[in-house]
Amino acid sequence: MTTPPGWYPDPGQTPPLPPQQRWWDGTAWTQHTRPAAGTAAGPGGGKAGRGPLIAGIVGAVVLVAALVVGGVLVAGGSDDEEPKAAAGSSPSPESSGPDGKDDPPGDRGDRESPAPESSPGDVVPEPGLGVGLTVPEGWQRPDPESGFVAHRTTYRCPGEETDCVRGGAKLLPVSSGWEGEKALKGAAELQVAENAKQSYSEKAYGGITDHKVVESGAVTVAGQPGYRVRWRVENKLEPDAYVEAVVFRSPHVKGGLLALWSSVDIAPGAPPASDLDELRKGVVRTGTGEGADDGDREAV
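If you read the sequence shown in the numbering used here, its first letter stands for residue 4, the second for the next number, and so on.
No lab work stands behind these hints: they were computed from the structure. C-beta atoms are modelled at their ideal positions from N, C-alpha and C, and glycine is treated no differently.
Quick list of the computed label-pair ranges, beta carbon to beta carbon: (1) Glu140 to Arg235: 18 to 26 Å; (2) Gly180 to Ser277: 32 to 40 Å; (3) Gly141 to Pro161: 20 to 28 Å; (4) Thr223 to Gly189: 14 to 22 Å.
Computed cross-link-like contacts, SDA-like style, restricted to lysine to any residue with a CA-CA straight-line distance of at most 25 Å: (5) Lys257 to Val287; (6) Lys200 to Lys215; (7) Lys257 to Leu175; (8) Lys257 to Leu193; (9) Lys185 to Ala196; (10) Lys239 to Ala196; (11) Lys206 to Ile269; (12) Lys239 to Pro161; (13) Lys200 to Arg252; (14) Lys284 to Pro123; (15) Lys185 to Gln227; (16) Lys188 to Pro176; (17) Lys215 to Val177; (18) Lys188 to Gly220; (19) Lys239 to His214; (20) Lys257 to Pro176; (21) Lys284 to Ser122; (22) Lys188 to Ser178; (23) Lys188 to Asp280; (24) Lys284 to Gly124; (25) Lys215 to Pro161; (26) Lys257 to Gly131; (27) Lys239 to Glu218; (28) Lys206 to Gly272; (29) Lys200 to Ala276; (30) Lys200 to Val217; (31) Lys215 to Gly189; (32) Lys284 to Arg235; (33) Lys239 to Ala270; (34) Lys284 to Val126; (35) Lys284 to Asp125; (36) Lys188 to Val216; (37) Lys257 to Ala186; (38) Lys185 to Ser219; (39) Lys239 to Gly272; (40) Lys200 to Gly210.
Just need the whole structure built from these sequences, with the hints factored in.
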């Protein structure tokens, strides 16, 4: 599974300078930087030169990572903005990933990520959605600025010189327009297809050659009705994987739908498929942001 775009520690940072983060667009480092959390911004706020290209950790699989690559890099704008992914950019074999490790070309063995930003049992909130994801054993939150949760084991993607992770999960909103009793099932069927496409991209895994539904049905998520669909996908380049999407009613927004995307490789060192159940059961209701009202709202 490939890593989603996000803010990560700048791999080209000179030690004497104040800590900063650089935007990873899903395939390469961009020129957009910002002060690291807890660091005051210096005067001027100019853009730093392009740092070394890195490999996306997974899934960081998500989306949702791989959860969404493509689009164009918008010229100009504030360094604090989250830029669009740059089209056509690709990491170099000599590059290091967001984990800061340099890996020789061809080294595709499993590796343990550095000290995690979270511990098993911690809840990773998505304040804008009013729900959070409980971190399972062996998983972590790779970036404190992101709601993405990934398995700690990384490896060289089979189709390109970037890093993938053995599993990943992400909460996200579902577009409006789904109504009626079949809304949850219909939305889940579309969401699992999109999750598979993005988490196991053609570039990284050679393309999905086949899939089959291995589990589906009604579930309860964060106290709300939901529906899940799990695929077993076959990739042109191993490993194959289990990919799941769970669509459920928002606990805060009347008529709103949310989704949990999750996936795990089918390979030695990968988490068991039962972790997908643990992730789903670990979705909890949270506040909707600092000082926000937790009362119900109408979907728009």
